[in-house]
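Novice: With chain F's structure known, arrange chains V and Z on it following the hints.
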Amino acid sequence: MNTFSAYRPFPDATTGALAIVLVALPFVLPSVTLASELVVFAVGALSCTFLLGLVGLLSFGQGLFFGIGAYGAALILLHSNSGSLVAVLAAAAMAAIAAAIVGFLSVRRRGIYFVMLTLAFAQMGYFAMLALKNVTGGENGLTGVPRPPIVADLGVLAHPQAVYAFLAAICFLAFVLTQRVASSPLGSVLRAIRENDIRADALGYDVRLFKIAALAFGGFLAGLAGAMHTIFLGLAPPNTIEPEMSERLVIMAIIGGTGSPMGALIGAGFYVLLADFLSTLWPRWLMIIAFLMIAIVLFLPNGLWGSAELLIGRWKSHRARAVSPEPVDG
Amino acid sequence: MQGQVILFQLLNGIGIGMIYFLLSVGLTMIFGLMRFVNFAHGTLYLVGAYTAYSVSLLTGSMWWALAFGPLAAAVIALISERLILRHTYEMPHEAQILVTFALALIFQESIILIFDPLAKNVPVPSLLSGIVFIGSFVYPAYRLAVVFAAAVIAILLWFALERTRFGAALRAGSESTEMVSLLGINVQKVFMVAFLVGGGLAGLAGTLSAPLRGVEPFMGSEALGVAFVVVVVGGIGSFTGALLGGLLIGVVQSMASSLWPEGARLMIYGAMALVLLVRPAGLMGRS
Amino acid sequence: MDRPGIIAENVGVRFGGFRALNRIDLEITPGNLHSIIGPNGAGKTTLFNVLTGRLQPSEGHVRLGVRDITRMAAHGRVHLGIARSFQVTNIFHNLTVAENIRLAVQAVRRAESWTFWRGVNPDLNVEEILAATGLQARAADRAGTLSHGAQRALEIGMALGSDPRYVFLDEPLAGVSIDDIHRIKNLIRSLTPRRTVVLIEHNMRVVLDISDRITVLAQGEAIAEGTPADIRANPLVRAAYLGASV
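So the sequences go chain by chain: F, V and Z.
Numbering-wise (this note's numbering), the first sequence opens with residue 1 and increments by one.
Numbering-wise (this note's numbering), the second sequence opens with residue 331 and increments by one.
Numbering-wise (this note's numbering), the third sequence opens with residue 618 and increments by one.
Honestly, I wouldn't trust all of these hints.
To be verified - If you want a taste of the chain F side facing chain Z, the calculated C-beta under 8 Å gives, among others:
(1) 7
(2) 183
(3) 187
(4) 201
(5) 206
Stated by the list, open to error - Restricting the straight-line Cα-Cα distance to at most 20 Å, the calculated cross-link-like pairs of lysine to any residue (SDA-like) are:
(6) F/133 with V/594
(7) F/133 with F/79
(8) F/133 with V/519
(9) F/133 with V/589
(10) V/519 with V/498
(11) V/519 with V/420
(12) Z/802 with Z/706
(13) Z/802 with Z/757
(14) F/133 with F/151
(15) V/450 with V/384
(16) Z/802 with Z/782
(17) Z/802 with Z/792
(18) V/519 with V/496
(19) F/133 with V/587
(20) F/133 with V/498
(21) V/519 with V/490
(22) F/133 with V/593
(23) V/450 with V/548
Claimed, not checked - Here are the in silico distance ranges between beta carbons for each label pair:
(24) Z/796 with F/24: 57 to 67 Å
(25) V/494 with Z/657: 29 to 39 Å
(26) V/592 with F/291: 33 to 43 Å
(27) V/413 with Z/656: 44 to 54 Å
(28) V/459 with Z/632: 50 to 60 Å
(29) V/459 with F/139: 27 to 37 Å
(30) Z/796 with F/288: 50 to 60 Å
FYI, nobody ran anything at the bench for these hints, they're computed from the structure.
A virtual CB, placed ideally from N, CA and C, is assigned to each residue, including glycine.
Next up, chain F with everything else stripped away, as it sits in the complex (with noise of 0.2 Å):
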């Protein structure tokens, strides 16, 4: 079940597990809205699940392709007449060439700078957006964003249960692309650059041209996301590009654990429900989410889905023992 961490068939049994959760949310959930931005952020998360556990990148500036999609979604939607999953998709490339661009520049740093070089881009996109108040709306972003039916007149979008629908059927495709490219030939590429990109240098990959691909894959996931949270608020305001959107799909991933797709729902479900929960307690909740970072990076290293994943495999194989027949003694 560990997608990332080694080669698993496909699809597996989280495959069915996810559509089951995803088909239950909005009755499980307090509100359907809630379950719209769980599923949201289920696909942010997963590009920086999908970037640290398969590929080993830890990027901390996937809030940017976030907000290029959000953006992209929100001006390709105001000024053209496209249905919403063209405008999604389109967003979702805009972000992925982006994503694109931004990695030739930062694979050229490895590590730490790597993570370094993720972060200020992160910023410049902000800053990019302020700066282009006439295309963004600056401070204001963009707002009055219509919701039209997914493709011309099929699909109306007019009610939160049909707005859930879509983001979920998006969300769940996203999932299942992921799963596959992870265990697919192209896969097995990534998690080797993991593991040890010195032999993937010299076994003859291309290491640089094969990391800029999976950025532009998690800019891709990312900037779905980010058109996807156009799509559920009818708006793309400017907390949607800064860095601290970045930080929070890290957040997330690193919550949920970064060993299986997984553990992007885990996390941004945790994450969003914690949120509407704490939020109205404490304003300072993100001090809790914080304590908590630092006690699953020191003591859950594989964060809540790899850690229920080790504890159900630790259960079974007891079972398995306690079932089978006890050796008969003399």
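Specialist: Structure of chains V and Z alone, referenced to chain F:
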């Protein structure tokens, strides 16, 4: 007139650049010494600035603030090194980054808790609140003082690094920590002093910039990004790199602000991208 | 069959003020087993790094036949048929043995490596290399769990994955038990003449036994080159390196 505007912006840029240098030199020094990137480094700038704000509010004097700002940051740097950071030295870089990043968040939230999320002004020290005439050229005295103060500190720091036993240990440590311990120097102590000094300088940067830009809780995370740009441009682990990178970034930002005010901050990242393309290891960096 | 040699011309490498290699001229003849020997710090691995693209020389050129490949990256050279193993075992510890080799085989199929819409190709020729290196039984195990000797064999297997014309092996016998030495030695010998082998090795008995040509490095300079018999007889080499033991 045009020439005066350019000179004005150039001086402003040097002032901002010197503050960026103070902000970044600790980060680059600590990285050179122990391959440790402190994502909580911007916090020290934040602490310096808020200490300056509080002290000047309490005492009515910016001079006390100048003493307490760096001190508070240095103490916090030292405490976090002793209590938390040193336990992460053996961990993967990702873990160090995430722990220090979480620390930064905790400090940022604490600041909002103690004060509030709103931006606040900090007065310029009364003695320096005027202007100076250089011939027919008029310039704010405080900004000029910042340039001088930072230059004096840069020289002192250079002297300490190049001419003292501790500096030698620090430079040797950035080559090989093993060598330092072989020389009979207490590596732990060198680390502590590096954090103390680096933290104090970042705090000083925050203190000095407080009257120029005011204080707000998110200035720490912004400063972290700027410090990263400076070390990427200058070449990480290099004192000269931090100085050159800081000045270059400061001047670019200041010059751009007279041409395209909204895009001034954007330009510093443009400068970084350019340096990355031409010299991936930074101006003074070894590849 | 067109088989150009690998030629180093006047290659020098400086690390700051330190000269790691100085004016090395070397020609690797196709089909040969060419060993590079010399005391520790002589520059053998540096020379390997220059020839396989991990390091760019400060001066001089590396050619493959008439083609200048001095500035070509390591991954690019693999596609010209140049592969290597590492002195310090450099494998994917957390992946299975079969996956390690499969990645090596897949590397030279460019389209395959970019395929993301299906699972990995089971047709890749992994079994043959597993058999040649004696690792079939451990194929499904994590590479990190192998014994040192088996990891050295896997290291060679990965170098062979791209079906290279030139194989650079950096101390393949380092730390290998006596039982395994014979097996790995035979494996290396069996690579020629179909492939060209360049070998760094400290085990003189093996080197003198299986090499076609030997180049001796000392302090960054090539002090002698010839057949094993030449090298054995060379007084300069005896003085600099072999001592009285041979």
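Novice: Residue 133 of chain F and residue 589 of chain V were given as a pair; does the straight-line alpha-carbon distance stay at or below 20 Å?
Specialist: holds (16 Å)
Novice: CB of residue 796 of chain Z to CB of residue 288 of chain F, is that within 50 to 60 Å?
Specialist: Once the Cβ atoms are compared, 59 Å apart, the range 50 to 60 Å for residue 288 of chain F and residue 796 of chain Z holds.
Novice: Within a Cα-Cα threshold of 20 Å, do residue 133 of chain F and residue 519 of chain V meet the stated pairing?
Specialist: violated (50 Å)
Novice: Just to be sure I understand the hint, the distance between the Cβ atoms of residue 459 of chain V and residue 632 of chain Z should be within 50 to 60 Å; is that true here?
Specialist: holds (54 Å)
Novice: Has the given pair, residue 802 of chain Z with residue 757 of chain Z, been kept, meaning a C-alpha gap of at most 20 Å?
Specialist: The given pair, whose Cα atoms are some 25 Å apart, is violated under the 20 Å limit.
Novice: Run the distance test for residue 133 of chain F versus residue 498 of chain V: straight-line Cα separation, threshold 20 Å.
Specialist: violated (50 Å)
Novice: Looking only at beta-carbon atoms, does the pair residue 459 of chain V, residue 139 of chain F fall within the given range of 27 to 37 Å?
Specialist: holds (31 Å)
Novice: Taking 44 to 54 Å as the hint, is the beta-carbon distance of residue 413 of chain V and residue 656 of chain Z inside that range?
Specialist: holds (48 Å)
Novice: Using the nearest Cβ pair, does residue 201 of chain F come within less than 8 Å of chain Z?
Specialist: holds (5 Å)
Novice: Checking one constraint from the list: CA of residue 519 of chain V to CA of residue 490 of chain V, max 20 Å. Satisfied?
Specialist: Distance ~16 Å between residue 519 of chain V and residue 490 of chain V Cα, so the pair holds.
Novice: Between residue 796 of chain Z and residue 24 of chain F, does the beta-carbon spacing fit 57 to 67 Å?
Specialist: holds (59 Å)
Novice: Given the hinted pair residue 133 of chain F and residue 587 of chain V, is their alpha-carbon gap at most 20 Å?
Specialist: This hinted pair holds, its Cα atoms lying about 16 Å apart.
In summary, the numbered hints that this structure violates are 8, 13, 14, 20.
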